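Participant: This is what each chain is made of:
Protein chains: 2
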Amino acid sequence: MNISALQKERAKYQPKLPKSLVGAVKLVEGAKTQSVADQKDIEKLFPNTYGMPLITFEEGEVKKDRPAINVGVILSGGQAPGGHNVISGIFDGIKKINQESRLYGFLGGPGGLVDHKYVELTAEIIDEYRNTGGFDIIGSGRTKLEEEWQFDKGLEIANDLNLNALVIIGGDDSNTNACVLAEYYAAKDAGVQVIGCPKTIDGDLKNEMIETSFGFDTATKVYSELIGNIQRDANSAKKYWHFIKLMGRSASHIGLECALKTQPNITLISEEVADKKQTLEEIVEYMAGIVAKRAENGDNFGVALIPEGLIEFIPEMKVLISELNDMLAEGSETEKEFKMLKKSHRNEWVAGHLTDDSAKVFKSLPSGIATQLTLDRDPHGNVQVSLIETEKLLGEMVKTKLEKMKKAGEYVGKFGTQYHFFGYEGRCAAPSNFDADYCYSLGYTASVLISDGKTGYMSSVRNLTSPAEEWIAGGVPVTTMMNMEKRHGHMKPVIQKALVELEGAPYKYFVSKRGEWAFTTQFVYPGPIQYFGPSEVCDLTTETLKFEKA
Amino acid sequence: MNISALQKERAKYQPKLPKSLVGAVKLVEGAKTQSVADQKDIEKLFPNTYGMPLITFEEGEVKKDRPAINVGVILSGGQAPGGHNVISGIFDGIKKINQESRLYGFLGGPGGLVDHKYVELTAEIIDEYRNTGGFDIIGSGRTKLEEEWQFDKGLEIANDLNLNALVIIGGDDSNTNACVLAEYYAAKDAGVQVIGCPKTIDGDLKNEMIETSFGFDTATKVYSELIGNIQRDANSAKKYWHFIKLMGRSASHIGLECALKTQPNITLISEEVADKKQTLEEIVEYMAGIVAKRAENGDNFGVALIPEGLIEFIPEMKVLISELNDMLAEGSETEKEFKMLKKSHRNEWVAGHLTDDSAKVFKSLPSGIATQLTLDRDPHGNVQVSLIETEKLLGEMVKTKLEKMKKAGEYVGKFGTQYHFFGYEGRCAAPSNFDADYCYSLGYTASVLISDGKTGYMSSVRNLTSPAEEWIAGGVPVTTMMNMEKRHGHMKPVIQKALVELEGAPYKYFVSKRGEWAFTTQFVYPGPIQYFGPSEVCDLTTETLKFEKA
Chain A
1 MNISALQKER
11 AKYQPKLPKS
21 LVGAVKLVEG
31 AKTQSVADQK
41 DIEKLFPNTY
51 GMPLITFEEG
61 EVKKDRPAIN
71 VGVILSGGQA
81 PGGHNVISGI
91 FDGIKKINQE
101 SRLYGFLGGP
111 GGLVDHKYVE
121 LTAEIIDEYR
131 NTGGFDIIGS
141 GRTKLEEEWQ
151 FDKGLEIAND
161 LNLNALVIIG
171 GDDSNTNACV
181 LAEYYAAKDA
191 GVQVIGCPKT
201 IDGDLKNEMI
211 ETSFGFDTAT
221 KVYSELIGNI
231 QRDANSAKKY
241 WHFIKLMGRS
251 ASHIGLECAL
261 KTQPNITLIS
271 EEVADKKQTL
281 EEIVEYMAGI
291 VAKRAENGDN
301 FGVALIPEGL
311 IEFIPEMKVL
321 ISELNDMLAE
331 GSETEKEFKM
341 LKKSHRNEWV
351 AGHLTDDSAK
361 VFKSLPSGIA
371 TQLTLDRDPH
381 GNVQVSLIET
391 EKLLGEMVKT
401 KLEKMKKAGE
411 YVGKFGTQYH
421 FFGYEGRCAA
431 PSNFDADYCY
441 SLGYTASVLI
451 SDGKTGYMSS
461 VRNLTSPAEE
471 WIAGGVPVTT
481 MMNMEKRHGH
491 MKPVIQKALV
501 ELEGAPYKYF
511 VSKRGEWAFT
521 TQFVYPGPIQ
531 YFGPSEVCDL
541 TTETLKFEKA
Chain B
1 MNISALQKER
11 AKYQPKLPKS
21 LVGAVKLVEG
31 AKTQSVADQK
41 DIEKLFPNTY
51 GMPLITFEEG
61 EVKKDRPAIN
71 VGVILSGGQA
81 PGGHNVISGI
91 FDGIKKINQE
101 SRLYGFLGGP
111 GGLVDHKYVE
121 LTAEIIDEYR
131 NTGGFDIIGS
141 GRTKLEEEWQ
151 FDKGLEIAND
161 LNLNALVIIG
171 GDDSNTNACV
181 LAEYYAAKDA
191 GVQVIGCPKT
201 IDGDLKNEMI
211 ETSFGFDTAT
221 KVYSELIGNI
231 QRDANSAKKY
241 WHFIKLMGRS
251 ASHIGLECAL
261 KTQPNITLIS
271 EEVADKKQTL
281 EEIVEYMAGI
291 VAKRAENGDN
301 FGVALIPEGL
311 IEFIPEMKVL
321 ISELNDMLAE
331 GSETEKEFKM
341 LKKSHRNEWV
351 AGHLTDDSAK
361 VFKSLPSGIA
371 TQLTLDRDPH
381 GNVQVSLIET
391 EKLLGEMVKT
401 KLEKMKKAGE
411 YVGKFGTQYH
421 FFGYEGRCAA
431 PSNFDADYCY
441 SLGYTASVLI
451 SDGKTGYMSS
461 VRNLTSPAEE
471 WIAGGVPVTT
481 MMNMEKRHGH
491 MKPVIQKALV
501 ELEGAPYKYF
511 VSKRGEWAFT
521 TQFVYPGPIQ
531 YFGPSEVCDL
541 TTETLKFEKA
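Order-wise, the sequence lines are chains A and B.
Those letters in the first sequence? Residues 1 to 550, per full-length UniProt numbering, in order.
Those letters in the second sequence? Residues 1 to 550, per full-length UniProt numbering, in order.
Hints listed in this document are in silico derivations from the structure and should not be mistaken for laboratory results.
It should be emphasised that the depicted structure is a prediction, and the values quoted were computed from it without experimental measurement.
All residues carry an ideal CB built from backbone N, CA and C; glycine is no exception.
Worth double-checking, as some hints may not be accurate.
[What the hints assert, rightly or not] Examples of chain B residues toward chain A, derived with CB under 8 Å:
{"#": "1", "residue": "L6"}
{"#": "2", "residue": "K188"}
{"#": "3", "residue": "D189"}
{"#": "4", "residue": "Q278"}
{"#": "5", "residue": "T417"}
[Claimed, not checked] Just a sample of chain B residues kept apart from chain A, beta carbon distances all over 10 Å, derived:
{"#": "6", "residue": "A5"}
{"#": "7", "residue": "R10"}
{"#": "8", "residue": "Q34"}
{"#": "9", "residue": "P47"}
{"#": "10", "residue": "Q99"}
{"#": "11", "residue": "E225"}
{"#": "12", "residue": "D233"}
{"#": "13", "residue": "K277"}
{"#": "14", "residue": "S322"}
{"#": "15", "residue": "S364"}
{"#": "16", "residue": "L365"}
{"#": "17", "residue": "V385"}
{"#": "18", "residue": "R427"}
{"#": "19", "residue": "G515"}
{"#": "20", "residue": "Y531"}
{"#": "21", "residue": "E536"}
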């Protein structure tokens, strides 16, 4: 295999561990826990895994002759930097417990468990993937583990391989399912434990015991490198507004973190838009206002960050999309009528069949986007929100707004745009020192929890703004993070998604600064992730954590 | 100013210089030179700056009491990483000659010289910009210095500021103009020297004496970082083909270099397309063939690199675009007729008014692209080739082709696409060690050439695959790079653009490997630029240079 010079050097990196994990580990049980809400419902649904104590690791005395443990590991959902280090952490952890321990990787995500597709992860394989990005060691997948028949198929292979435990590395949904699986196996007394690990670049799986999900640090560093480079270009050429969309369908943590790192002129935060019930027109006015005011200073350039999920947080757009979904639902009478129309007549017809408010919004959209909303639908006839090029939608609407302002004498300037969308660029980057250390610690923690017979826990490594040796490792029952939410018409126990807190310190700092950043140019250029330099450059984690823990 | 942790540490970096520049410098004159072609014409046009000798620097004896020199510096055209280091190299160079020397920066590109907009670059300003990316220290611009009145306006301010010389940092066009300016001032005996520095991320300003233009190394490293990350994502998720367009309107050096670094499945090289007179259909067939063959192995994913300038290298597209330009020229009868038509009838009408061959090509285009070709025109009515989303054009056509192949039983697989365009992401990155050193050396070299009274020279630093101390610095007369070419209907002396050599070692290696890279997955993941690690990781320059110098 031809590997890069950096990869060769980086393979040698030994991830840092919390002090408590370096030698022998003692488990300290804390108080019994309860779920964050809907305690009675959750307790009823998880009789075997509810109320378990928090676990904290401390330095302990070496235990001898611990039995070998066999573990199966699953990567679930979208890639996040550091997944390979979680796996190498598990591997080193179980091998330290007993050299006869074995690690199996299920291939292509949770589907691999159900379909009995796996590979044994030997030292040779693990060594090839230490400190690398991607999930390619065993692949990932989006199959949801939700049905009992899947659990039973999983148990078959677990028994065949003599597995003590499964480790599921995933986001909020995957960890919810991991918990259901843990409960199911516990109720059956099946002898297979389930441990979760908190993964997602979106940063929306976090709480008191899970300070951040892994991958968020690295991904936002890559995006911030690129945003910084583009800002420097904008400030050198002084002729473009760069509208940059950032991956992440629900929360705006990525945009907020990148804003704190790079200080762009505009950053939209979906949670704020929803909270203030902003209209698309209001958002466009806000952006055009900043463009116009910068133009007064002769600055016909700038950078705007836009969260991918914005559209669904704008109340009137949510209503419009839901009306369109009903109107164009597959097989409906209205859909048939729509399809009979000439293409050039369709948008007018659609507007005529919406409520007045939605018709107004629909007509305000650039025609290309309006057409896209009626054409690009999924097999159920639903608008595919992820295909909407929100950055171009806003760019075109800001342009139209500025033209009106120009006629009214409220704007003198030039408005040229460049569009970018960053997502795939960062999901598989090689992990930063922080994510390399954090992930390795999460994996190592999982091995200790398993060795101690725990199930229904998530690996927890806290105190993350301190040096790694001072991190606090342990386990937190997944049920503590749960509440009941409506999903597809039914109430279900799920892990609460952590949206951007409008009362939280990171957001409040951003709000206190954004006016300044908008009108003057205070760009910061973070540059690329460094692996070998001074600790101030290489080991720091996110601004979000810094503010949250301050 | 709020600067990033990396920027703070990176400011301390002392760029490496060739041995000959560290102490006192001796200039050694080589043989007289001639232009690369059209010698008589060039000699006639440049009587004062033609035939000058090559200059090589060697270690010399310290000269005392050298007079102060005043220099004006101009950044011309698109940004490239390292521009600030050229300027700090000039600054340190002239200050070493005499502490009373002064450096002025003309603002916003060549236009600053004509409009007399400048700033004195003091040590305090220079120190803020050492080893940083961007051209924001004085800004850049695209004004062309071509007219005598501009030269005369420039001379006025040069005399006002008592300048000994101008240093013009630019690409082939800007250096051509620098040479014309040098000749003009020499003919007038104006007492102002002109020195050029070879800049462009495109890598198309190079020859025997200019082994590479600055910025190419850093920009291709940034793009390769991103391509590598995307490849790792493709190989983890195994569900998308990523079509990545890379900036650069003429040569495909960027695509070739990135391919050598990352080993993607498909890389299109514009020069090959032109040489083989490939049709759009042939290119699409080539791409679809690779997609289909990978699908046979179950690999429904991959990465394809596409040079931004491709369209203009496809002979039939060039003809089509030229016919469209004539047909829709502003004010023409055909344009009037076109404008009267209903939008839905236009493409059919256009096809009817093209030659048969062009009509066939036009009809083969996805309708959105066809429409774009007739609508997005510049003020002269010309098709704006830069607006064509070549990556989407190819993605859609490959998809259509695969659907046909599927019906014919020649393809079984899924084809999902993600599109990317990288350009602005890399033009203002902080320079790699190579570019930081190379640029600083180019600037330092310029100061020595100026101090020795030279004009019409370009800074030349060679032997670049060796450690910096072994680099060979000196000067090369710009006229050596010139030939006569038709520009806007007239023969003009211009620096020959260096396209990808189809007989050159980098391209030949690529061709010998691309089949393997296409069908098996041999992705390489270069990772981000490192500034502090082992020399193998931090100091190496491009694969292109490695192969060219091997």
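Participant: Please go over all the hints and tell whether each is borne out by the structure.
Facilitator: For each hint, the structure was consulted:
Below 8 Å, beta-carbon pairs count as interface contacts, and B:L6 has one with chain A at about 4 Å; its hint therefore holds. Against a cut-off of 8 Å between C-beta atoms, the interface hint on B:K188 is violated, since the closest Cβ of chain A lies about 33 Å away. Here the hint on B:D189 is broken, as its CB sits about 36 Å from the closest CB of chain A, past 8 Å. For B:Q278, the suggested interface contact is broken, since its CB lies about 29 Å from the closest CB of chain A, more than 8 Å.
Proximity of B:T417 to chain A is violated relative to the hint, the smallest CB-CB distance being about 12 Å (cut-off 8 Å). Consistency note on B:A5: stated as away from chain A, yet its beta-carbon is not over 10 Å from all of that chain's, at 5 Å minimum. Remark: the non-interface label on B:R10 conflicts with the geometry, its nearest Cβ contact in chain A lying 7 Å away (cut-off 10 Å). No beta-carbon of chain A comes within 10 Å of the beta-carbon of B:Q34; the shortest separation is about 37 Å.
No beta-carbon of chain A is positioned within 10 Å of the beta-carbon of B:P47; the least distance is around 37 Å. Every CB of chain A lies more than 10 Å from the CB of B:Q99, the least distance being 30 Å, so the non-interface label holds. Against the 10 Å criterion, B:E225 falls within the reach of chain A, whose nearest CB is about 7 Å from its own CB. With a minimum CB-CB distance of about 4 Å to chain A, B:D233 fails to clear the 10 Å threshold, and the non-interface call is violated.
The claim that B:K277 lies off the interface holds: its Cβ sits roughly 33 Å from the closest Cβ of chain A, which is beyond the 10 Å cut-off. In this structure B:S322 is separated from chain A by more than 10 Å, as the shortest Cβ-Cβ distance comes to about 27 Å. No beta-carbon of chain A comes within 10 Å of the beta-carbon of B:S364; the shortest separation is about 21 Å. At the 10 Å boundary, the C-beta of B:L365 stays outside the reach of chain A, the nearest C-beta of that chain being 18 Å off.
Under the 10 Å C-beta cut-off, the non-interface status given to B:V385 relative to chain A holds; the minimum distance is some 17 Å. Residue-level check failed: B:R427 sits 5 Å from the nearest beta carbon of chain A, not beyond 10 Å. B:G515, annotated as away from the interface, keeps every beta carbon of chain A farther than 10 Å; the closest lies near 15 Å. A cut-off of 10 Å between C-beta atoms contradicts the statement that B:Y531 is not in contact with chain A; the least separation is 6 Å.
The Cβ of B:E536 does not lie farther than 10 Å from every Cβ of chain A; its closest approach is about 5 Å, which violates its non-interface assignment.
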